[in-house]
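Chains as they are written, first to last, in numbering that gives the first Met the number 0: chain A, 0 to 347; chain B, 0 to 347.
Among the clues, some could well be false.
If chains are identical, the list can't say which one is meant, so a pair holds when it fits in one copy or spans any two.
[Claimed, not checked] Derived pair list, reagent style DSS-like, types lysine-lysine, alpha-carbon separation capped at 25 Å:
(1) Lys23 <-> Lys246
(2) Lys2 <-> Lys112
(3) Lys302 <-> Lys221
(4) Lys209 <-> Lys23
(5) Lys112 <-> Lys23
(6) Lys45 <-> Lys149
(7) Lys214 <-> Lys23
(8) Lys45 <-> Lys24
(9) Lys209 <-> Lys24
(10) Lys246 <-> Lys294
(11) Lys300 <-> Lys226
Hints are computed from structural coordinates only; laboratory data are not their basis. None of the values given here were measured: they were computed from a predicted structure.
There are 2 protein chains.
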Amino acid sequence: MDKRTELGELGEFGLIDRITAETKKYHDSTVEGVGDDAAVIDVGDKYMLITTDMLVEGIHFNLMYAPLMHLGYKAAIVNFSDIYAMNGDVTQITVSIAVSSRFSVEAVEEIYKGIHKACELYQVDLVGGDTTSSTSGLIISVTAIGEVNKEELVLRKGGKENELLVVTGDLGGAFMGLQVLEREREVFKDNPEMQPQLEGVDYILERQLKPEARKDVIHFLKELGVKPTSMIDVSDGLASEALHLCKNGELGCVIYDEKLPIDQETYNTAREFNLDASVCALNGGEDYELLFSVKQEDFDKIKGSEHMTIVGHYTDKASGCSIVDRGGQSIPLTAQGWNHFTEEGEEK
Amino acid sequence: MDKRTELGELGEFGLIDRITAETKKYHDSTVEGVGDDAAVIDVGDKYMLITTDMLVEGIHFNLMYAPLMHLGYKAAIVNFSDIYAMNGDVTQITVSIAVSSRFSVEAVEEIYKGIHKACELYQVDLVGGDTTSSTSGLIISVTAIGEVNKEELVLRKGGKENELLVVTGDLGGAFMGLQVLEREREVFKDNPEMQPQLEGVDYILERQLKPEARKDVIHFLKELGVKPTSMIDVSDGLASEALHLCKNGELGCVIYDEKLPIDQETYNTAREFNLDASVCALNGGEDYELLFSVKQEDFDKIKGSEHMTIVGHYTDKASGCSIVDRGGQSIPLTAQGWNHFTEEGEEK
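For reference, chain A alone in the conformation it holds in the complex:
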């Protein structure tokens, strides 16, 4: 270990590439390993899906504004979302939790109430886990197990040129909810007597604190007889996810700014914060919506659905990934979005 490379130099995805470079495969049952929303294991009649996510205090949440029950709920949901992104159904989870002695038994119970609530709503069995001490913060690590009929599996790769890119729900809300919570935290720090200003932002706060996973859309698509050709969940922002799909599928894409589904509350709050709502939608993260591609001939089946918006289409790889702004100008799509968050970024 003579050389020291800072983690920030590589970023999360660069680090994952590096630490998994040595990965070998010993079992034929391993169909897909690292590199999709979940691993795929052949168990005979079906594929089993496995995904895991860790939430760390001070990084993923702040206990000053995240209620413990919501936190447990969210820890489960973010993992469910990865299973739905494979077009599968979640069946079991395990939950590991590390807590310091500043937490009481009742506090840990609150977290589990949220987990049980998510399990009840999404019909998932809590089958195991680990509880341990921590020297400082709270850590929740969840592994979700799912299943999918073999012919129904959808990967990040698999899309084709000219197929439509569809996103569920609306985007940027969770990010704007976080901005409001952070603002109120600052206000509270300066003046603990102040009442937080949280009127008229219920929706975006819920998007941030108690997100849902799109199990409904997976079932809805089955009813419509539409099988996505590629899919990913939107956890890091639409831009980052579109780039993942294109990288895995060896494709390019065009996204249209004017098509981005943005809730009025998200839009208004972005204006208030002098932020461009489209940038928030592209890069905000934590929306836990689904981004997927469908064949052109499925257009009629999904157009007009309140759950889904066509935001663009795949192109050939050589054309790269771009976003077309409201003036018709094409701008390269980057994981940080086509524009950084700036004070001047207000929509005009």
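Place chain B on chain A using the hints.
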């Protein structure tokens, strides 16, 4: 949350009982949930096994003496051990890791080298995970997936009165290795110029820093045609594990102090530390051996095996759990052992 119960009042197992009390089951495929070494999921021809364990810096390891590669190796092994304890084989793992910026990319690579090494030796596929930042310490959360033929599954329950209790390898070594490392850490803190005294303790240091899981025993038992009737891995000390087996199987047990397998190095080091080697074997923890029961008629098949030692037998539940000391006296077995660690505990 009016009432505040300290975590220490309940202990880990009490806490698990409380937070899983609300657990409901929605899927018939969930055969066994919380309460065994691994969860059991029916996937058709076979059972799939899932287990998860979290290692937290400052609680489970100290980076002053735990080399990063060994740490990665150990994080994998402790999970493998839980799958073997179900009489299954490990097939895949996922690894989630939280690191602060004081870690370099090269440091994280060292951890993964250990994980890859364990995967290679035990023939396991690394199929996923999560990498994230941490505000303070290093956290490694591993989930292991395994499989077992349905008729070969062994649970904690299932044993019967008079069946023999067998433990693999030897006990107490990992605990004594930890004592040596802690002593040297104290010496180093006081005088950084001092060379650590680690001669003649290679075996117990390896037991602590780079343990192995007993995949070999699982295969060995199959060759012998012996199927354990109940099994658990020895992670918290023989006493704690025997109590788990008896609780789950609604049985009692007798363990014989003189039968406890203790390596000479463990014994010598215990003497040096004025500790009773038997107490270390019963309560030391982290041995990652297997404790299981076999039918009386299998005695001939396993007697004389260098891998296994018969340490006692099951009794009826009403008789409780006890240990018979070298003087022939029967003492109730407790999770803290039949004697606490004391300065006066030296073997006479």
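For each hint, the structure was consulted:
no. : hint              : verdict
1   : Lys23 <-> Lys246  : within (22 Å within a copy, 40 Å between copies)
2   : Lys2 <-> Lys112   : between (46 Å within a copy, 16 Å between copies)
3   : Lys302 <-> Lys221 : within (15 Å within a copy, 59 Å between copies)
4   : Lys209 <-> Lys23  : between (38 Å within a copy, 21 Å between copies)
5   : Lys112 <-> Lys23  : between (39 Å within a copy, 12 Å between copies)
6   : Lys45 <-> Lys149  : both (5 Å within a copy, 17 Å between copies)
7   : Lys214 <-> Lys23  : between (33 Å within a copy, 20 Å between copies)
8   : Lys45 <-> Lys24   : both (20 Å within a copy, 21 Å between copies)
9   : Lys209 <-> Lys24  : between (37 Å within a copy, 23 Å between copies)
10  : Lys246 <-> Lys294 : within (19 Å within a copy, 57 Å between copies)
11  : Lys300 <-> Lys226 : within (11 Å within a copy, 56 Å between copies)
Against the hints set out earlier in the document, no violation occurs for any number.
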